[in-house]
Each structure stands twice: as structure tokens, then as C-alpha cells.
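So the protein sequences, as listed, match chains A and B.
Numbering-wise (this note's numbering), the first sequence opens with residue 1 and increments by one.
Numbering-wise (this note's numbering), the second sequence opens with residue 1 and increments by one.
FYI, nobody ran anything at the bench for these hints, they're computed from the structure.
Predicted, not measured: the structure shown is a model, and the values here were computed from it.
Since no wrong hints were added, every one of them can be taken at face value.
Here are the simulated lysine to aspartate or glutamate pairs, DMTMM-like style, with alpha carbons at most 25 Å apart:
| no. | chain 1 | residue 1 | chain 2 | residue 2 |
| --- | --- | --- | --- | --- |
| 1 | A | 119 | A | 81 |
| 2 | A | 202 | B | 184 |
| 3 | A | 203 | B | 184 |
| 4 | A | 119 | B | 195 |
| 5 | A | 202 | A | 188 |
| 6 | A | 203 | A | 177 |
| 7 | A | 202 | A | 131 |
| 8 | A | 203 | A | 188 |
| 9 | A | 203 | A | 109 |
| 10 | A | 202 | A | 245 |
| 11 | A | 120 | B | 184 |
| 12 | A | 119 | B | 179 |
| 13 | A | 120 | B | 195 |
| 14 | A | 119 | B | 184 |
Okay, the calculated bits of chain A under chain B, using three or more residues with CB under 8 Å as the criterion:
| no. | region |
| --- | --- |
| 15 | 58-68 |
| 16 | 90-96 |
Pulled from the structure, derived: some chain A residues nowhere near chain B, Cβ distances all over 12 Å:
| no. | residue |
| --- | --- |
| 17 | 131 |
| 18 | 202 |
| 19 | 203 |
| 20 | 229 |
| 21 | 237 |
| 22 | 252 |
| 23 | 256 |
| 24 | 270 |
Quick reminder that beta carbons are idealized off the backbone N, C-alpha and C, glycines included.
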Amino acid sequence: MEPVVSVPSGQSGSALVIDGVYKGYGSGTARVSVIENVSLQAPRGQFVTLIGPSGCGKTTLLRIVAGLLEVDRGTVSIFGESVQRASAAKHIGLVPQSPALLPWRTVLDNVRLPLQVNKKPDSDGSRSHADPVAVLESFGLGDVVGRRPAQLSGGMQHRVAIARAFVFDPPVLLMDEPFAAVDELTREMLRHELLSIWQRNKKTVLFVTHSIAEAITLSDVVVIMSAHPGTIQSVIPIGLPRPRDDLVETTEEFHELERRVRLELRDSWRGAR
Amino acid sequence: MSELPRSGVDERTDTHPDRPVLEPAVAEPPRRRAMPGWARPSVWLPPLVAFAVLAVAWQLYAVHNPFVIPTLGKIFHELASRPGFYFRNALTTLKEALVGAAFGMGIAFLLAVVMSYVRIVERAVLPLAVILNVTPVIAVAPALVVAFGFGPTPKYIITAVLVFFPFLINSLIGLRSADPLALDVLRTLHASRTEILWRLRLPSSLPFLCAGARICVPLSLIGAVVAEFVAAGQTNGLGTLIVTAASLSDLPTIYASVAVLAVMGIVLFVLVVLVQRRLLAWHSSATLTK
Chain A
1 MEPVVSVPSG QSGSALVIDG VYKGYGSGTA RVSVIENVSL QAPRGQFVTL
51 IGPSGCGKTT LLRIVAGLLE VDRGTVSIFG ESVQRASAAK HIGLVPQSPA
101 LLPWRTVLDN VRLPLQVNKK PDSDGSRSHA DPVAVLESFG LGDVVGRRPA
151 QLSGGMQHRV AIARAFVFDP PVLLMDEPFA AVDELTREML RHELLSIWQR
201 NKKTVLFVTH SIAEAITLSD VVVIMSAHPG TIQSVIPIGL PRPRDDLVET
251 TEEFHELERR VRLELRDSWR GAR
Chain B
1 MSELPRSGVD ERTDTHPDRP VLEPAVAEPP RRRAMPGWAR PSVWLPPLVA
51 FAVLAVAWQL YAVHNPFVIP TLGKIFHELA SRPGFYFRNA LTTLKEALVG
101 AAFGMGIAFL LAVVMSYVRI VERAVLPLAV ILNVTPVIAV APALVVAFGF
151 GPTPKYIITA VLVFFPFLIN SLIGLRSADP LALDVLRTLH ASRTEILWRL
201 RLPSSLPFLC AGARICVPLS LIGAVVAEFV AAGQTNGLGT LIVTAASLSD
251 LPTIYASVAV LAVMGIVLFV LVVLVQRRLL AWHSSATLTK
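All chains, please: the whole structure from these sequences, using the hints.
Set out below in C-alpha cells:
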């Protein structure tokens, strides 16, 4: 067993612990191993980004943490509880690759959706939910609450999808390449919006991306994965001071980190061949 | 964040692709768009001409072959001479069609919901449904008359069986058409299967249910008429009327009944489309039916 990769942090208590996780598909000789012996810890309030070549199991790992896939071996815990229990307690918010909004609902009703299902954990009143309208306003969507998703631009639809994950205030947020489908300019804008929202409302985030700049700008820690099978190759702490803004990408430290991540990714890509 | 440009809204409302931006508004030529789409001759003239040509051809043929088809005048006269009679018969057939369709579509939909819940039910039932679909149910009609008598019951059954399969398949595909990523979001929230059915699968299936209804509602009319042909013996209904008139070589009555059936079919289809437009205002297909 490889040693557990410990993510450096100044805070105590792990929000997310992934311990020795294996996952494969198929059976017998046709079995393909997607993830092997992946271990990761993220303290509360940390922004962790998974980056790596296609097929390195980033999305599979995210889906395991979301409770959408079962592990073959190993454990995943969220605040010390199983993924199933965390999900039942509505501790996990998911922002998928496409906004996946319900086209028959207005923007406001889409954002209300998480409050309408699985109401049990709320009944004890221990958790207070943000007012959906206020959340939408904080995302710059105050003018379009009554519109249907088809009447919005791609960038706005993504903002609604993020607002939907924020509205029930889950302590853990999982984001699977949420901006992959939008154009570069919109993507940059969304990245900085997410940065400013996250800095105001620090959640533990597991973020999957293909963009090095996105990874560095947003994260406390960048986890580089290599493929076939998917393993953690290295963990790079991003020491850039917070709060960050869009100017962070012009700094010397940023470029140094970018170079480092790029070199690591090149190694991981070579290893994949 | 708030000072960032709000993409989308402004671009969309300001865009006039057919108007050069620099051209002053006063120089704009009068636009043909002011006329509603259906009022343009290019829309209503072609079908009207086709209709007129067909009517003239029918009339010419009917005048020279009175024992093949009646003239339009005779059909119209037949209808006008006893409208109440045709109305009563139409009502009987309509009731058979709608009751049969409601049962067939309702059972098909409920079964599809159960099948989407429990895979094993799908495996068990789907082959049976396929067999039912490829069997010409009309062949069973005489047996149904023996079993249920000459009342409306055999007609309900035949109509229901006829619409069952197309609606079952549409419902199944519809319930499965839910966006898998939206499904992921709901599963991560630990939504129950009933919540997922109610909030995601059912609304996602609506376009498919409407497509199914557009097939099944007119089909139910065919089912009712054919059932009346085979399981005649009732005194009422347009299908019965046609069979009786045929035995008397009464062509005007037959074609008058067919004309009434055609109008019923059109009315039912338009009603389905109107309901669909109301239900699916959010869906891209709603614009295609205009």
C-alpha cells in the first residue's frame, strides 16, 4: 500500500477522506482497472482540484465520492460518515458537466429543486437554507428568475447549475468539469465568479478540470492523476495568497506553478503510454 | 462579480439578424412579417388548390360512374337531410373510441411506469406486448362478441388493444429519456425513486406521451369503426351504419359517414395538438407544430 497522500492544511478535521480506493469495470480477463489505490484527504474548507489526462479516472473518482458509483475496495468518508449517509443528509452538492437544468422549470424552480426532494434531513430545523432568490441574486441572476433555461445563454445556465448546488448549503461540493462546454471567455468569467463566491462561502470542493489555469487559480491543492490505471501521481499545494482575483494569473508565482503542473502532466501523459 | 458583463440577455433581445445595424430605422422597407404566418397566400393557397382539384376530379368521376362513388352534392344532401341521425351515431363511435383509448393508454402508461421501476417486469411483459402488437386483434373480435355480447364492451376492448402497444413504447422511451446528469444531481441529493419519477422522469416523458397521443387518438377512431364492422349488431355507431348501408348499396350514406369520421379525426387531432402545445410550451417541439 502506498502511503496516504496527506494534503497540507492549517485547519483541523478532514471533510473528505478517500482511502485506498480501487474501481474497475467488467469481469474476468476483460476487466479494466480505472482507479487503483487512490488516497486523498481534504480538510474542511479546502478547494481540491483533480487534473490529469483523459481516462485517468477523475470523473470516476468524483462519481464515487458523489455516491453514484460503488468502490471495489477502499473507503470514502465525508465528515467521518459513509457517502450514503452523507448523501442522505444532503451534505453533497453536485455540479455536473452540463448544467442539466430541467427545461420545464423556471430558473427559480430549478434552484428550488434540491429543497423539494429528500426533505427529511431538514425537518429537524438544524439547517437553514438560503433564500433561492437571494442565492440567484448573488450569482447575478436576479433579473432572470422567471425565465426558462432555454432562454438563457450557456454561461448563465452554468451559473444556475452552480446556484442550484449552493442553495441547500452542502458542506461538500463536487464539480465535474462544470465549464467544459462553454467558450473560453465565458469560462474565464465563470471561473472568477466561482472564485469570488467560494472565497465568501468556503466549502470543501472537489473540482475536476482539464484546464491548468483553472486548477491553479481556484485551488488550494492540485492533485495530478496519471492514467491506465488512474493513480495519484503528485499533489501540488498552491500557495498563492487569498483572497485572489483575476490578476492572480499575471503573477510570477502563478506562472511558476503553471510550469510545474505542466511538467508533471507531461510526465503523467508519458507514463500513460 | 456584479460588475462582470451579464452575457445572454442583452445579446438576445437586441439581435435582428435580418436588419443591418447601421441602417437607420426610418429607411427600413415595409416588412412582410407584419402579416401573420397563416394569412400569407403562400401558406393557404397550395392546400386549397390541391383540395379544389381533388373535389373537381371526384365530381367528374362521380357524374360518369354513379355506382362507384356518389357526387359531392348527394353526400352533402344526405348529411343535411338527417344531421341529428349522424350526430347520434358519431357520438356512439366517439364514445367507444375515447373510452377504449383512455383504457388502453392508461393501462399502457401505468405498466410503463411499473416497468421502469422494476426491470424484471419489463423483461416479463415486453415480449407479451410485442406478440399482442403483431397479432391482428381484429381476428379476435368475433370471439369477443361471443364472450361479451353485442354491447359496447368488445369495441372498448378492441380499441384499447389497438392503442396499447404504441403508447406503451412511447411511455417507456419517454420515462427513460430523462437527462442522466439531472438524474445524477437528484441521486446525489438522495431523492427517492418516487421523487425522481415525479420531478424528473414524468415531465421528461411528456413530449413522448404527446407524440404517443397523436398516434393513438386518431388510431382509436379506426379501432372503434373496425370493431363496429366486426362486432356489429348494435343499432348505433358510424361503423355499424356503414356496414348496414353497404348491404343496401347506399353509397351516399357510406360516404356521409366517412366524411363525419374525417371531421371527427381532424377535431381530435387538433385537440391533441392544442393540449400538447399547452403542456410542452417549454419544449422545442412545441414550435414545430405551429
